[in-house]
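Asks: Residue numbers for the sequence shown follow our numbering, so the first one is 717 and each next one is one higher.
Derived by calculation from the structure, the hints in this document are not laboratory data.
In this text, a Cβ means the ideal position worked out from N, Cα and C, and glycines have one as well.
Certain hints may be false.
[Unchecked claim] Restraint-style ranges between C-beta atoms, simulated for each label pair:
id, residue 1, residue 2, range
1, A757, L718, 56 to 62 Å
2, K719, V741, 30 to 36 Å
3, E767, V741, 33 to 39 Å
4, K780, G744, 51 to 57 Å
5, K769, Q790, 30 to 36 Å
6, K736, I763, 38 to 44 Å
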Amino acid sequence: MLKFELIKYFFREALTMAKKFGAGVVTGVLATVGALAAGLATYKKKIVEPEQKEADRIEQNRIKANRKSYSAHQG
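Work out the full structure: start from the sequences and follow the hints.
Replies: Structure, rendered in C-alpha cells:
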C-alpha cells in the first residue's frame, strides 16, 4: 500500500510540475512576442515613418518646382 501511495504522490507532483512548466513556457512565449511587437512598433515609429515623411516632402517639392519651371517658360 505504501508503494502505491508513493507512486500516486510522485505522479501527482510530476503533473503539477509539468503544468507549471507549460504555464512558464506559454508566459515566456507571450512575453517574447510582446517584446518583439513593441520593438517593431518602435522601429516603425522612429525609422520608417520619418523616412516616408521626408520622401513625401521631397516629392511635393519636386512637383512644386516642376509647376514653377513650367510656369516660368510659358512666355
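Asks: Now, for every hint given, state plainly whether the structure supports it.
Replies: Each hint tested on the structure:
For A757 and L718, the Cβ-Cβ distance of about 58 Å falls inside the hinted range of 56 to 62 Å, so the restraint holds. The given range of 30 to 36 Å is respected by K719 and V741, whose C-beta atoms sit roughly 32 Å from each other. For the pair E767 and V741, the supplied restraint of 33 to 39 Å holds, since their beta-carbon distance comes to about 38 Å. Checked against the given bound of 51 to 57 Å, the beta carbons of K780 and G744, roughly 53 Å apart, stay inside it.
Under the hint 30 to 36 Å, the C-beta atoms of K769 and Q790, about 32 Å apart, fit the expected range. Checked against the hint of 38 to 44 Å, the C-beta distance between K736 and I763 comes to roughly 40 Å, which is consistent with it.
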